[in-house]
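**Q** Build the full structure now, drawing on both the sequences and the hints.
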Amino acid sequence: MGALDGEEGADRSTVLWRRHERVSDRIFLPQVSISFRSGLDRFREEDEFPVIPDPDTSRDQPGDINFSGDEASQAEVEDVLASCQDRWVSLLRDHGAGEFTPGGLPGIPVVNARQLPGLGGSAFGTPQGVPGRAFDSHDAWSPLGGHVFLEDRSFSPSGDADARIFAHELGHVFGLWHTEEDDNLMKGVGDGTRLVRRIEDAVDWPSPPEPFTGVAPRTIDQIAWLQGEVVEIPDVAYDPPPAVELGQVAAFVRVDRHREIPAEARFVDLSAVTVSADRRTEVTRVTHRLLTPEPTAPAGEVGYWAYFDLDDDRATGGRSGEFPEGAPRPALEGIDLITQARWAPEEGGPPALTGIVWKYHEGRFVPITQGVTATFGRQFQGEPGPPSPSALFGLVTVELRSTTRGPVADVFRIQACARDAVSGAEDCLDTGGGGPPPASLVPTVYPVCQVVPGRVRPGSWVEARVWDLDPDSPLHLVLGDRLAALGNTDVRGEATVPFTIPADSRKGPRLVTVGVDHTAFTADCIVEVSSQAAARPSRIGWVVAVIILLVLAPWIIVRLIFRPPRH
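Quick note: the sequence shown, position 356, residue 355 per numbering that gives the first Met the number 0, numbers continuous.
The set of hints was computed from the structure by calculation and includes no laboratory data. Treat the hints loosely; a few may be bogus.
As the list claims (entries may be wrong) - For each label pair, taking beta carbons as the anchor points, the in silico distance ranges come out as: (1) 120 x 57: 19 to 25 Å; (2) 89 x 187: 19 to 25 Å; (3) 458 x 58: 54 to 60 Å; (4) 487 x 116: 36 to 42 Å; (5) 121 x 487: 39 to 45 Å; (6) 490 x 223: 28 to 34 Å.
Model, not experiment: these values are computed from the prediction. Here a beta-carbon is modelled for each residue, glycine too, at the ideal position from N, C-alpha and C.
**A** So, in structure tokens, the structure goes:
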């Protein structure tokens, strides 16, 4: 296939693997201390790297994803995103051995396509609209449901454009829009990578486009914005040396097949269900992703249900015969909690969403409405710019207090269904015939590293100390995106790796990635490369040295001449 990423003969899987194995510090890290690392955890290179089949080869070339805006292209985008998430979730099953590995699925789906016909560009990124909030506010977007599409640039003569474009689109996922400053990362077309404390963004909105509200453009602090939004990513981790602090949000997603029921009932066609728990606010959210972005339904009641076996014990909790009236009845036992978003017309008004929770207590399901809400939102297909954003999925979310939910085991089970009470149309998450597969809200745990000393000049000799890697394994150390050293872990998975900061190293905070060979299991830490060059003796220093030498010279000569004889 030719040279990829500068390596002759490398195939596409090798290139994709390297992008997961090595995190670059070229874009976000120097300015906002964020590294977008692989969520693969202990996934190994010899395992099959996920490849998503093209869901529609009837037009364009294989590997293309069409964004022409018609119904067929929207279906292709929906299917690609769902397939991408489904393949990554499957990696939690102990790499094909069938044993579930607890841990959430951190990160934002990024799809690398051959080309994006109809897009009018080579990439885009978009966040998810937060239900019930104005789109111009700081809290109007959530990276939890965002995604990025990129055209494949493996054959580009330089990877720099790839890194810049990817970072630019991630900026959109976090709610940043375009600017006019040429050296800024969020310039629509350019090569800048700078982020600043005060800037006018959304400059390509001369007036508030519908359905947005408020005033555009807006003046924001790009760095503070990104640092505030990144905590919404499930299983984010903080790296105060030498430790890892878990972030505030954990989440797990279950993906369903699309178009299992007639098109006229798309409002009950589930695409995915995501469960998230926010440790800051003690709030749990259950989000039903639907194959329709419109909050409309036929007259009558539609219910979006989720069933939880929170302790993973079928002997405790209720059975399907004890479910609340009107609930779909998949064959489940040991259910401790049921949530429902009820979509029904109100007297004299449009349909409204209400939320309710049932907890199994003393042999029956007890309804709870206090502190339970239900909202509708959208996940957008592309950047929400003029003339109007293009919605992709509808999002029905039930929100409840985590204290109401109760304790959750490291591994639990979930099933979810949507049902139209009038037509009887119903869709439940696929189970593969073996009952609901396991889920987990256990945060992903990453290794830890620290560079000593943490602030040095180019040419200095430093060492990286790393903990919690695979024991007795060869490892590599990457400074930025340059291989800097090799080493080996001990029987505890620890290592000390000495390396030199190159004399031509770029100044500022530099990302150090230490990982076990042939895995994406890495530790990240930072070394600050000083803006000063390696120290040279000053003129005053030379003068002082000469004076000392002149003072000591007579004494040295006398000692040499009158040295006592040896016996």
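**Q** State for each hint whether it applies.
**A** Results for each hint:
1. For the pair residue 120 and residue 57, the supplied restraint of 19 to 25 Å holds, since their beta-carbon distance comes to about 23 Å.
2. Taking 19 to 25 Å as the suggested C-beta distance range, the pair residue 89 and residue 187 does not conform, at roughly 36 Å.
3. For the hinted restraint 54 to 60 Å between residue 458 and residue 58, the CB-CB distance of approximately 56 Å keeps it satisfied.
4. About 48 Å separates the C-beta atoms of residue 487 and residue 116, a value inconsistent with the hinted range of 36 to 42 Å.
5. The hint said 39 to 45 Å for the Cβ distance between residue 121 and residue 487, and at roughly 41 Å that hint holds.
6. In this structure the hint that residue 490 and residue 223 lie 28 to 34 Å apart at CB is violated, the actual value being about 44 Å.
Taken one by one, the earlier hints fail for this structure at numbers 2, 4 and 6, listed in ascending order.
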